[in-house]
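Enquirer: Quick mapping for you: the protein sequence lines, in order, are chains F and W.
Residue 1336 is where the first sequence starts when you use the numbering used here, and the numbers rise one by one after that.
Residue 719 is where the second sequence starts when you use the numbering used here, and the numbers rise one by one after that.
Derived by calculation from the structure, the hints in this document are not laboratory data.
Fair warning: there could be bad hints in the mix.
Among the chain W residues that face chain F by a calculated CB cut under 8 Å, a handful are [claimed, not checked]:
id	residue
1	V791
2	P803
3	T808
4	Y809
5	G810
6	A820
7	A822
8	T823
9	S828
10	R829
11	M1054
12	L1058
13	G1066
Calculated Cβ distances over 12 Å to all of chain W for the following chain F residues [claimed, not checked]:
id	residue
14	R1372
15	G1382
16	Q1386
17	P1416
18	G1482
19	D1494
20	K1555
21	E1805
22	D1864
23	G1865
24	A1903
25	E1905
26	N1916
27	L1951
28	K1975
Using N, Cα and C, we set each Cβ at its ideal position, and we do this for glycine too.
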Amino acid sequence: MTSQVSSPAEQADEAVLGELGEQRKPAGTKDVRRLDRVIIRFAGDSGDGMQLTGDRFTSETASFGNDLSTLPNFPAEIRAPAGTLPGVSSFQLHFADHDILTPGDAPDVLVAMNPAALKANITDIPRGAEIIVNTDEFTRRALQKVGYTTSPLDDGTLDAYHVHPVPLTTLTVEALKDYGLTRKEAERSKNMFALGLLSWMYHRPTEGTEKFLKTKFARKPDIAAANIAAFRAGWNFGETTEDFAVSYEVAPAATAFPPGLYRNISGNLALSYGLIAASHQADLPLYLGSYPITPASDILHELSRHKNFGVRTFQAEDEIAGIGAALGAAFGGSLAVTTTSGPGVALKSETIGLAVSLELPLLVIDIQRGGPSTGLPTKTEQADLLQAMYGRNGEAPVPVLAPRTPADCFDSAIEAARIALTYRTPVLLLSDGYLANGSEPWRIPEPGELPDLTVQFAQGPNHTLDDGTEVFWPYKRDPHTLARPWAVPGTPGLEHRIGGIEKQDGTGNISYDPANHDLMVRTRQAKIDGIDVPDVEVDDPHEARTLVLGWGSTYGPITAAVRRLRAAGESIAQAHLRHINPFPKNLGTVLQRYDKVVIPEMNLGQLATLIRAKYLVDAHSYNQVNGMPFKAEQLAAALKEAIDG
Amino acid sequence: MAETTTGATGSSGEGSGTVEALSLVPKAEARQSMKDFKSDQEVRWCPGCGDYAILAAVQGFMPELGLARENIVFVSGIGCSSRFPYYMNTYGMHSIHGRAPAIATGLATSRRDLSVWVVTGDGDALSIGGNHLIHALRRNVNLKILLFNNRIYGLTKGQYSPTSEVGKITKSTPMGSLDAPFNPVSLAIGAEATFVARTVDSDRKHLTDVLRQAAAHPGTALVEIYQNCNIFNDGAFDILKDRRQAEEAVIRLEHGQPIRFGTDHAQGIVRDETTGDLKAVTVTPDNEARVLVHDAHTPSPTTAFALSRLADPDTLHHTPIGVFRSVDRPVYDTQMADQLEQAVEMNGKGDLSSLLAGGDTWTVVG
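Put together the whole structure using the sequences plus the hints.
Expert: Now the structure itself:
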């Protein structure tokens, strides 16, 4: 398939761009090398604007048509003490001319804005990589603060690297001397200088960033102009200085993508859009009850911006009230959602149990982070799986599913809504910090491609008593789905009472009858077990003996590792679960086909526990709980061991 | 002047659903009776429980509102009082301990065509659910909260509650409870409540009158109902019920009327000019002009709070009943709906395709 990529420059309004800089093009006096992929890491102080810099470079790269994957990594503190190791914030971006799956293991380029950023990241940088350092920040005091007794720029520490010493701060201040800013204000634009330099180095489109800066600082045109000037100065610096002799081209990933309209999207944004799309497809108003918590708050922020879609967002007094309000809205006929992270799920447990008992549709979205307790709020982990499965009193089964990539958060939200609405049940959707903040290109679906989620509220009696009276029974079930009717207040004749006390089958009246309780417990379980979920697909081109099975955000690293192994001539099969409760119907058969099953997880083996218990398969765990996603190389080595072992 | 500030809260006695708080709730097509509001479920409170009287009063009062029965919802937590929704032939939810105000908030803010009532108790509302109660009150969601206060945990068989008097001997406090009780009315006023009232289970006329005013109030209304638990705290409110004692013990608050009580209204409430506090005095021609005229609609909560402090927490002597406070403040669910409309006015009705395709996009053509 041949594809062609049109850049936004061709699509954008010429008049707007006219006021901004034209797309900047190198003069052609320097060497240009072609690369198939590059990994860049921007690192600086929490206040240096590294996340913004990374976001902008990502947008430039996305609009250029590369495939990409990002990994923001920042401390939980808003502004940790300046210049210290705990205060380092970084943003890693992997982009390529082909289909890629992870933010990359080892950066080819590190941009270190200060000694702390260098020290915190240098161990991840392979020898031979390029390191761009802001020499202005390598003062004696700054070096001492992070334990350097001599400057690594002079003492040979960095001999194995290709170091570009750049006085980023001085150059920025110099470039902005005519803008009437204080030195401190001018210094703030040094991240844009760095972005300009890297944009030159990798032939990134520049007009998007200029447009962005103009919009972002629309009310402060001076600041917008200064940032654009710093950005251009960085670009020009690369073009003119002799230290940067080579620039690089990474061609668009022309054949990696099916035709369509694309954008770059992070997991939390995709999830928010998925919820709005689900509400649209179900023709039900969206109601979010939520309490701020990292890394889930972005969804609350995003949804609260879309009130013109009829979206109601309620910032509750606590996690319990967040889900309580959502459940109340579900009773009233909304598509109800609560968003949180692991500690919040713990607080919501009792209400999830009530929702199980009430059999009302409710989405519980857990953006997992490192635990237990407060744990690592800004780092990723998959250790809430067993909490999602079992973290309630009594037999309280809940469907559990997990997105595999940032863009997949969109489809997973819609799938979670489908299950909740069809089966009248709370559903747990397990995203995580890596998916939430990471981003990748996403083919924007046409509304016609989205599933129909419309539901039928109960309208009248559904049962005839022996004496012929027509009545409404709130717990009389659909024979196929076992779902009970959704009768919303305001419907005449269907007045009924529901609650957390055990209910009599059919009537829903309070019942303490032992046989009835046994029946209801088994029926609620059967309803969840019977949920229709697609079969798991197995990628096994060579009839391998070993299967690697994953779930959630490990999809990228596992797939990348599998590709490496196959490229090296190994045989390995791969399957990845979106549905964890219930498991796909064919999973047992799939597992039986392989001599060995390896399950990599960012926990101590929670899926493996479920798989071993249900299928009596001797699945092997490979685990990492360091707050970071797996690296492809490390996983490939582990899988190789499993194949050989 | 008190008489000039009655405002738009709807005066009592008008009935039949013309009040602002219920303007979006559909009206019943036919005339209703108390019978229409009785569900087919057997009432299972202990014989003699004060809850029976409250249930009868509510069932008897509901037809007066003239609302479509299907648009009325009772939400409760856990406790004896929280069984209430099962006995009302309306929509209802018996939820979990303490969380009814949160659940009702979600319902009321998403469905403004519903009349949403919360039934709770002193343990449910003030202990495990204290946080939800105070936040519901400050938000002013269109909820009517009936707090059945029996000053004891009944359903768990007799432990002291957050409204029990200090030194209460119960199963969990054989040597007497140590913690100072909440005064629910003071708490509600402190939590920025716009409507706070107190009434007594056995006084059907007073109870109904208070319910009527609560129903008419736009926003959150808290009604504390003193309710006798004849099993674990029998007679807790006898002083307010015994005809002879009640004359001296109960202070009936009526908006626009001087606050007088006691035999022949011999006593009155005046402001102590040195401390600013309120106190009861024997009314004389000299001090009669100083007797406070009750103004439930005054914006400042100060006097309402002072009134709530008159009652002795141990003996209940000088317990005011009636509407302490009833003021207008923007209603949360109305404002939430307004923001949705505003957003449509500003940005047009949401279009899914343009939302998804927002930001920087690029096209890959085959």
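Enquirer: State for each hint whether it applies.
Expert: For each hint, the structure was consulted:
| no. | hint | result |
| --- | --- | --- |
| 1 | V791 | 5 Å, holds |
| 2 | P803 | 5 Å, holds |
| 3 | T808 | 5 Å, holds |
| 4 | Y809 | 4 Å, holds |
| 5 | G810 | 4 Å, holds |
| 6 | A820 | 3 Å, holds |
| 7 | A822 | 6 Å, holds |
| 8 | T823 | 5 Å, holds |
| 9 | S828 | 4 Å, holds |
| 10 | R829 | 4 Å, holds |
| 11 | M1054 | 6 Å, holds |
| 12 | L1058 | 5 Å, holds |
| 13 | G1066 | 7 Å, holds |
| 14 | R1372 | 18 Å, holds |
| 15 | G1382 | 26 Å, holds |
| 16 | Q1386 | 17 Å, holds |
| 17 | P1416 | 34 Å, holds |
| 18 | G1482 | 41 Å, holds |
| 19 | D1494 | 40 Å, holds |
| 20 | K1555 | 22 Å, holds |
| 21 | E1805 | 15 Å, holds |
| 22 | D1864 | 25 Å, holds |
| 23 | G1865 | 26 Å, holds |
| 24 | A1903 | 31 Å, holds |
| 25 | E1905 | 32 Å, holds |
| 26 | N1916 | 23 Å, holds |
| 27 | L1951 | 37 Å, holds |
| 28 | K1975 | 35 Å, holds |
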